[in-house]
Amino acid sequence: DGGITQSPKYLFRKEGQNVTLSCEQNLNHDAMYWYRQDPGQGLRLIYYSQIVNDFQKGDIAEGYSVSREKKESFPLTVTSAQKNPTAFYLCASSVRDKTYEQYFGPGTRLTVT
Amino acid sequence: AQRVTQPEKLLSVFKGAPVELKCNYSYSGSPELFWYVQYSRQRLQLLLRHISRESIKGFTADLNKGETSFHLKKPFAQEEDSAMYYCALSGPNFNKFYFGSGTKLNVKP
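In order, the protein sequence lines correspond to chains A and B.
No gaps in the numbering here: position 5 of the first sequence is 5 in our numbering, and each next residue is one more.
No gaps in the numbering here: position 45 of the second sequence is 45 in our numbering, and each next residue is one more.
Watch out, some of these pointers could steer you wrong.
What the hints assert, rightly or not - Quick list of in silico lysine to aspartate or glutamate cross-link-like pairs, EDC-like style, CA-CA up to 20 Å:
(1) B:K104 x A:D97
(2) B:K57 x A:E101
(3) B:K22 x B:E8
(4) B:K96 x A:D97
(5) A:K57 x A:E69
What the hints assert, rightly or not - Restraint ranges, calculated between C-beta atoms of paired labels, are given here:
(6) B:E80 x A:K14: 37 to 47 Å
(7) A:K14 x B:R53: 49 to 59 Å
(8) A:V95 x B:M84: 23 to 33 Å
(9) B:Q78 x A:T77: 36 to 46 Å
(10) A:N53 x B:G29: 37 to 47 Å
None of these hints come from the bench; they were simulated from the model.
Think of the CB as a built atom: it goes at the ideal place given N, C-alpha and C, for glycine as much as any other residue.
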């Protein structure tokens, strides 16, 4: 595996602290996405970005923030405003052609206590 | 509202038996449908997409707009097909994707 990386694999934080999850890709993909995965709920879109310096809210953006200063990087910050931050977070990227196949990272499991 | 429903959390079949993983969707427009798969200890990856009309690893999926379904089928299941399967939907601009809750397929020997 390669191409899209997420770090760290496991992350532990105290309640009330902001935390930033890293997502990097060397696939030269324009589009990048952040999903949250909870048991029995599948993947839910948090934020997505189609081009550098532009991003859009997904369905569950409250309590999260992102930036897209570089094509290869799309970090996600889980703020203290997120009421239930403990989850598995997946980053993905895709080309903007008719296939729009998404390539997923290995994920980061965040635990907030 | 856009929604993807996979009614089965777990599907168990014997090797060589036919398998059908159900996917129903709700979308106001013409969606694009995908199936993603996650094998044990591997990343989530694309299995097939409706737009390509393809068959991958013996799996096929037909879009039925009347029934708003995109069921995944394979005539003879193999043990290596055991995995988590997710149905996904996107609009024509491919800006956003909506995933179902997933079905775990267990193929028994």
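Discussion item. Taking 36 to 46 Å as the stated bounds, is the beta-carbon spacing between B:Q78 and A:T77 within them?
Written reply: Cβ of B:Q78 to Cβ of A:T77: about 43 Å, so the range 36 to 46 Å holds.
Discussion item. For the hint 37 to 47 Å, verify it against the beta carbon of A:N53 and that of B:G29.
Written reply: Once the Cβ atoms are compared, 28 Å apart, the range 37 to 47 Å for B:G29 and A:N53 is violated.
Worksheet item: Taking only the CA atoms, is the gap from B:K104 to A:D97 under or equal to 20 Å?
Response: 30 Å, violated
Worksheet item: Given a hinted range of 37 to 47 Å, is it respected by the beta-carbon distance of B:E80 and A:K14?
Response: Holds - the Cβ-Cβ distance for B:E80 and A:K14, about 42 Å, lies within 37 to 47 Å.
Discussion item. Just to be sure I understand the hint, the distance between the Cβ atoms of A:K14 and B:R53 should be within 49 to 59 Å; is that true here?
Written reply: Given about 51 Å between the Cβ atoms, the range holds.
Fill in: Distance restraint between B:K57 and A:E101, which requires alpha-carbon spacing of 20 Å or less
17 Å, holds
Worksheet entry | Satisfaction of hint between B:E8 and B:K22, Cα-Cα up to 20 Å | Roughly 7 Å separates the two Cα atoms, so the pair holds.
Worksheet item: Holds or violated: B:K96 with A:D97, Cα cutoff 20 Å?
Response: Given pair B:K96, A:D97 holds - Cα atoms ~14 Å apart, limit 20 Å.
Discussion item. A:K57 and A:E69 were given as a pair; does the straight-line alpha-carbon distance stay at or below 20 Å?
Written reply: Given pair A:K57, A:E69 holds - Cα atoms ~16 Å apart, limit 20 Å.
Fill in: 23 to 33 Å as the expected CB spacing between B:M84 and A:V95, which holds or is violated
Holds: the Cβ-Cβ distance is about 24 Å, inside 23 to 33 Å.
Going through the hint list in order, the structure does not satisfy hints 1, 10.
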